[in-house]
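Asks: What follows is each chain in one-letter form.
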Amino acid sequence: MLTIKNLKAQINGKPILKGINLEIKAGEVHAIMGPNGSGKSTLASVLAGRDYVEVTNGEVLFMGQNLLELAPEERARMGIFLGFQYPVEIPGVSMVTFMRTAVNEIRKYRNLPQLSASDFLKYMREKKELVEIDTQLTNRSVNEGFSGGEKKKNEIFQMAMLEPKLAILDETDSGLDIDALRIVANGVNKLKRPDNAYLVITHYQRLLDYIVPDVVHVLYDGKIVKTAGKELALELEEKGYDWIKKEFQNL
Amino acid sequence: MTTTVFQQLAIDNIKSVFEQQFDDLINEPEWLRQQRKQAFQLFLEAGFPTRKNEAYKYTSLEQHFSGKFTYLSHALCEKINIEEVFNCDVPSLDTHLIILVNGWYYASPNQELLKQTPEGIIFGSLREAIKQHPAIVQQHLKTYFSSLASSLDYINMALMQDGLLVYIPQHAKLDKPIQVINLVVAEEAVQIYPRHLIVSESSNVVQILFCDHSLNASPFLMNGTMDIYLKDFAKVDFYRIQNAHNHSIQITNNHIYQSAHSVFKSVYVTLHGGTVRNNIYVHMNGEYSKNSMYGLWLADKNQHVDYFTHVNHNVPNAESNQFFKGILDDEATGIFSGNIYVDKNAQKTNAYQSNKNLIISQNARVRSKPQLEIYADDVKCSHGSATGKLNDDAMFYLRSRGISHKESCQLLMFAFASDITKEIEIEPLKAEIEGLVDKRLRGELSRCNRCSISCS
Ligand SMILES: Nc1ncnc2c1ncn2[C@@H]1O[C@H](COP(=O)(O)OP(=O)(O)OP(=O)(O)O)[C@@H](O)[C@H]1O
Ligand SMILES: [Mg+2]
Chain A
-12 MLTIKNLKAQ INGKPILKGI NLEIKAGEVH AIMGPNGSGK STLASVLAGR
38 DYVEVTNGEV LFMGQNLLEL APEERARMGI FLGFQYPVEI PGVSMVTFMR
88 TAVNEIRKYR NLPQLSASDF LKYMREKKEL VEIDTQLTNR SVNEGFSGGE
138 KKKNEIFQMA MLEPKLAILD ETDSGLDIDA LRIVANGVNK LKRPDNAYLV
188 ITHYQRLLDY IVPDVVHVLY DGKIVKTAGK ELALELEEKG YDWIKKEFQN
238 L
Chain B
8 MTTTVFQQLA IDNIKSVFEQ QFDDLINEPE WLRQQRKQAF QLFLEAGFPT
58 RKNEAYKYTS LEQHFSGKFT YLSHALCEKI NIEEVFNCDV PSLDTHLIIL
108 VNGWYYASPN QELLKQTPEG IIFGSLREAI KQHPAIVQQH LKTYFSSLAS
158 SLDYINMALM QDGLLVYIPQ HAKLDKPIQV INLVVAEEAV QIYPRHLIVS
208 ESSNVVQILF CDHSLNASPF LMNGTMDIYL KDFAKVDFYR IQNAHNHSIQ
258 ITNNHIYQSA HSVFKSVYVT LHGGTVRNNI YVHMNGEYSK NSMYGLWLAD
308 KNQHVDYFTH VNHNVPNAES NQFFKGILDD EATGIFSGNI YVDKNAQKTN
358 AYQSNKNLII SQNARVRSKP QLEIYADDVK CSHGSATGKL NDDAMFYLRS
408 RGISHKESCQ LLMFAFASDI TKEIEIEPLK AEIEGLVDKR LRGELSRCNR
458 CSISCS
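Just so you know, the sequences run in chain order A and B.
The numbers in the first sequence follow the numbering used here, run straight up by one, and end at 238.
The numbers in the second sequence follow the numbering used here, run straight up by one, and end at 463.
The following block holds chain B by itself, in its conformation from the complex:
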């Protein structure tokens, strides 16, 4: 395969960042330095994915990576008043609040980088956890070796900065959800490589909420990787709200590893973003495990949202469900590629997938690509995909009751979206997200909070 100009530029860019940074990382433990090197090597061998790669057919990232973005080796904006920065509008949402700024864990002067409860729950900065709890981190930070890892994971491993660590030992119970505010705020265009690790060994539900925000309009490139490990009987609810400005490039690589009897539920809501690519890889490695994924994207103008899922059923008796919906207006593009792989051993697999798209404007584009690879014979697998406009009969029915054309559209779009948002199990969060979706569909949303930034 020949290398294109952009591809070469992207590779050169990453190479130069890696070479510049590697010497600075001298304080890191040797195993981590080795992993970074190894990952970088894997990246050089694999190259940069282009549209010739089936998984990147509709989204070319090499152009973005070939652009000029500054790599930050520290949080840049160090003295921020949390209350000033983030005045979250969810009043009744009581959470452990964690703030990441430009990929770096942010702690106010009197706040520790890592919290540990008497039950042994640890959460906070991943970088700090590498120092304090190398054993927990090291064994789980090997995603780049996974069969489903891509170049984007290799790049993240090579250049990762900081991020969230959550570790819940057996029998422990987290008293309230963890909320991560992943902020980007920089005067210049930055490239950001957050790395998150969540490990639960407990059968008590762990709820984690991720909010991605940008606080000003500088372009940025984010390529984050997150690994979530659910040990036997673990239960994790995971929510991710993406709401960054329209000049942002957001890539998330999510790897979920499920052991026996574990239950994972996730809801992704993409409200805003320039180019968004969400890779979700699920490894059903334990029998009687269950995975449910829900996703919603609302895109207009020239936004480009690409969801790529890959569910690997490696063992018998596991169940996976995927429900993804997009609303596309103007010239926006929405892509869903859903892959289900069922190993020949994975008898009695139950795998379901559905993607529905609502097209508001003639010029919006939708690609929906299901792919099933099934090697076991006693399985239940199904997928469905539908793309359409607002229903004429429903529109007329609403209007015939005195409701304006615009408001009727709004009601129907919101109804379409609420199929996904209703899956949010934290009641005040659900109400907040539904409020945001409503505003977003009315074109009134720029960001979901009264954030104001003051960098001193």
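Extracted from the complex, chain A is given alone in its bound form:
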């Protein structure tokens, strides 16, 4: 589904990603871990199409298409979803307008008829139940005044609404209380299908207890320095990153 080959990227002339290789197949869950500032969110930004990150080398194929030449909205319509580490507040744009516009743009791309206002509300209600999001939240402006945890839940709600092929969840677990974490993880599991995939960025093993990854990667200094099964997350939880840094420096 997604193939990243020797991807290098910089921000304001400063190299951040220094040759990433990654292959994600339909039905898989990949986790990316790694110390602060190692480039995890930058990788997510490149995949979603943020323009301040400048790609200097490599290629990214998504379902056979060159992802890097597409606008962010085109990527989203093809099925890329980014759950933001820091969702932005957009006062004055209601959740309903926002989601109805997004759902209908994506439906148009998929050659599906536009949803009527009542069908849309029904669809939204179903998804809200699925991710157990508070009804009040969807009556407000996008993320405006939402608590940290509410913002993260809202990301999962949007994911449920848009039914992406590849969801990149950037620290969706941080800021969530224990119940919310379980709800979010359950939501992700319910939405998991053989034809979609997840790239989960996290600092904690806790989330991976619920969303069990097929593969765990460690990103360090702009490179994937270790790739293993789910047991790697446990090992990192115990030992931290120092041993990996040492291992890496000794290479």
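Calculated from the structure, these hints are not laboratory results.
Hints are supplied without guarantee of correctness; some may be wrong.
To be verified - Covered by chain B, per the in silico footprint, the following chain A stretches (three or more residues, Cβ under 8 Å):
1. 31 to 37
2. 77 to 85
3. 114 to 122
4. 185 to 194
Unchecked claim - When the alpha-carbon atoms are kept at most 25 Å apart in a straight line, the in silico DMTMM-like pairs for lysine to aspartate or glutamate are as follows:
5. K413/B to D426/B
6. K152/A to D400/B
7. K429/B to E56/A
8. K(-5)/A to D400/B
Glycine included, each C-beta is placed from N, C-alpha and C at the ideal position.
The hints should help you fit chain B with the ligands onto chain A, whose structure is shown.
Replies: Below, chain B with the ligands without anything else, positioned relative to chain A:
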């Protein structure tokens, strides 16, 4: 100060109109003729404001006034079928509809010029009210003597044609809003001087909606003056929608006089216009009075929109709030000058002002000029001004959900504007205006109704 060529031309133009018209006004009461003369004299003394005048620094009007515009001493287009002319698209908006054509009150043959309810509410043509109720009009038509009046008010007083009068006596209650459609429709370029007077003595809310429209593309120059008096405990909601074509010059001079415990709320929305200058002068003359003003302008191409506010706190314990927002595209210019004056007696004044501008194109220009003059020591005054582009993070967030660049811009601009439109208290009107703003931002709006004009 030397007089420029344009300034002299403007003065000469006004002078010749005044001299031609004055003899025609022989049927007017003597006091009105005197006021016109007096105002004209004040205008000659003050001269025509130019950009050297601090209040007109960014907008030169003398060039416009030096142009050729015909003064109409009657409504010109006399037989119009209201239903044909104006098919207002606000279905659930039930109002007392008043139509002004080229500055003149328009009444269909079976319609009276002035309505009076059993409770004593009077509304209709100002000119007719001068005949029928001179006492009410005369005492309130003296704005040109006000400390804040400008040459534009003097000109209006000297040349005023007709306009709206609303008088609400104590305890009376108006059953529905008054809607004024201020139409300009002329084959030739015209100069128009509407004059409006609103007086409320009642503590019941009075809602007034003004819509300025042009029905064809002939250039025109409008210089209107409106006086609104709120007596003790009066409550007035005032809405003004400006939507005239891009060759129009629209000047409005609004004077609001507030007595104790009165509450005035106004929302101005400028959708279209060539050159627009809105002067809003507020006199807080009564304690515990409250004034809230909201304004929104959407300008593109070469449009020029200038809002000038002046709030005078003359007494203690009054509160004023100003919220003004502009969205500027292409080569448009948006100007906001907000003045707050707090007299040394006006302790415990609360005065707030905010101006925010959204710039869509590199070439659009914004001037934002707050000016606070505070002579009392126990006051709360603040102002803020910000001008910026669409927020990159918000744009990316929307686009990352599959929403196109254009639609994302649209959502963000509309959100910016809705801060102002949400203040409209008449629900169907709010929905209508939001619809217009949405269309306007999409570049789809030429006018807000299916007007068609037939002049027989
Ligand atoms: N907009 C930006 N301008 C300048 N530098 C940036 C910008 N965004 C990220 N960086 C830098 O790029 C590097 C990688 O940042 P990134 O956000 O990708 O790290 P991360 O792995 O997600 O970290 P964390 O675990 O703290 O979220 C950091 O050094 C950061 O300061
Ligand atoms: Mg990060």
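Asks: With reference to the structure, classify each hint as holding or not holding.
Replies: Against the structure, the hints come out as follows:
1. 31 to 37: holds (count 3)
2. 77 to 85: holds (count 6)
3. 114 to 122: violated (count 0)
4. 185 to 194: violated (count 0)
5. K413/B to D426/B: It holds: about 21 Å lies between the C-alpha atoms, which stays within 25 Å.
6. K152/A to D400/B: Cα-Cα ~23 Å, so holds.
7. K429/B to E56/A: Since the Cα atoms of K429/B and E56/A sit roughly 40 Å apart, the hinted pair is violated (cutoff 25 Å).
8. K(-5)/A to D400/B: 23 Å, holds
Hints 3, 4, 7, counting from the list given before, are not met by this structure.
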